[in-house]
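Numbering (the numbering used here), first residue to last: 1003 to 1298.
Treat the hints loosely; a few may be bogus.
In the DSS-like style, the derived pairs of lysine-lysine whose C-alpha atoms are separated by at most 27 Å in a straight line are [what the hints assert, rightly or not]:
(1) Lys1089 with Lys1076
(2) Lys1025 with Lys1011
(3) Lys1245 with Lys1089
(4) Lys1235 with Lys1245
(5) Lys1069 with Lys1081
(6) Lys1235 with Lys1081
Derived from the structure by calculation, the hints contain no laboratory data.
From a predicted model like this one, the values you see are computed outputs, not experimental measurements.
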Amino acid sequence: MTCVGQVFKDFEAASGMWVNLDKSEISFSRNTPGHFQEELARILCVRVMEKHVKYLGLPTLVGRSKKEIFQSFKDWIWKQIQSWRCKNLSQASKAVLLQSVVQAMPTYIIGCFLIPSSICREIEGLMADFLWHNREITIAPNTLHPEATIVVLLDEAGKWKEAQIRAVYRPDYIDAILGITANLESLDHLCWHYEKNGRYSVKSGYRLLHQGLAPFVHGRGTGLTSYQVANWKFIWKAKVPPKVRLFVLRAFRSSLPTVTNLAQLGVNVGGVYPRCGLEEEDVLHYLLRCQFARLV
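Construct the complete structure from the given sequences, taking the supplied hints into account.
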């Protein structure tokens, strides 16, 4: 311990800084005799730590259960986010708060401790729920009628009535419907055609997402190709105000509250863009095709 004291002195001489021994304490295990603790503390000119307390909001000693210790840190973030929920904040304002307040605190903590991955995932979940899931648009209901049937669209030979299908469904759905072979002799069932046994597994779904080969739903991919990833990175790193960046991201994912998207969520609105009255209001028409958008 005499050598440790000499190290302090050499550090002060080399750096020009001073080790404040009045604020320094030494900690021992329970198996260390009391007289030995007092002797070592006297040599270093510090006090024996009687109880471990927090310093700058962090524990001075991390035991076996790291999750229990850092639970208070997660609770602090949860309280911060809950205090923001009562405010009418835009998504850009939420992103700024998360970056300036919530994400600034872990930077110091990560530099001192290795936070358990479970705590990190829970914190990321709180942030994602606050930023993306606090939506005012209603959640899409189950629009499939419990007694829906397709018999009226089939003739006596079991073939599709193409004229009726073309009169009822959207053009991008017609070819997909006509390509289905209808079988009236057996019950329908879901089949995952990416596996030979027709069964879905998390492993199979993760592999498709990783390879960017996931199926498309409503024209939007559930997986990201390399081209899409490059676009996401370009938009996210763009030096523009946060509200502009989030608007472009939502437009890129076709998640803006256009008339078409609202209708798919069950909101009773007209399909024609009220500004021009010429086409349905989707993202492409709203931002690119509309004659009023071209004037901007």
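Hints and how they fare:
1. Lys1089 with Lys1076: Within the cut-off at roughly 21 Å; holds.
2. Lys1025 with Lys1011: holds (16 Å)
3. Lys1245 with Lys1089: holds (17 Å)
4. Lys1235 with Lys1245: holds (16 Å)
5. Lys1069 with Lys1081: Answer holds: lysine 1069 to lysine 1081 is near 18 Å, not above 27 Å.
6. Lys1235 with Lys1081: At roughly 31 Å apart (the allowed maximum being 27 Å), lysine 1081 and lysine 1235 break the hint.
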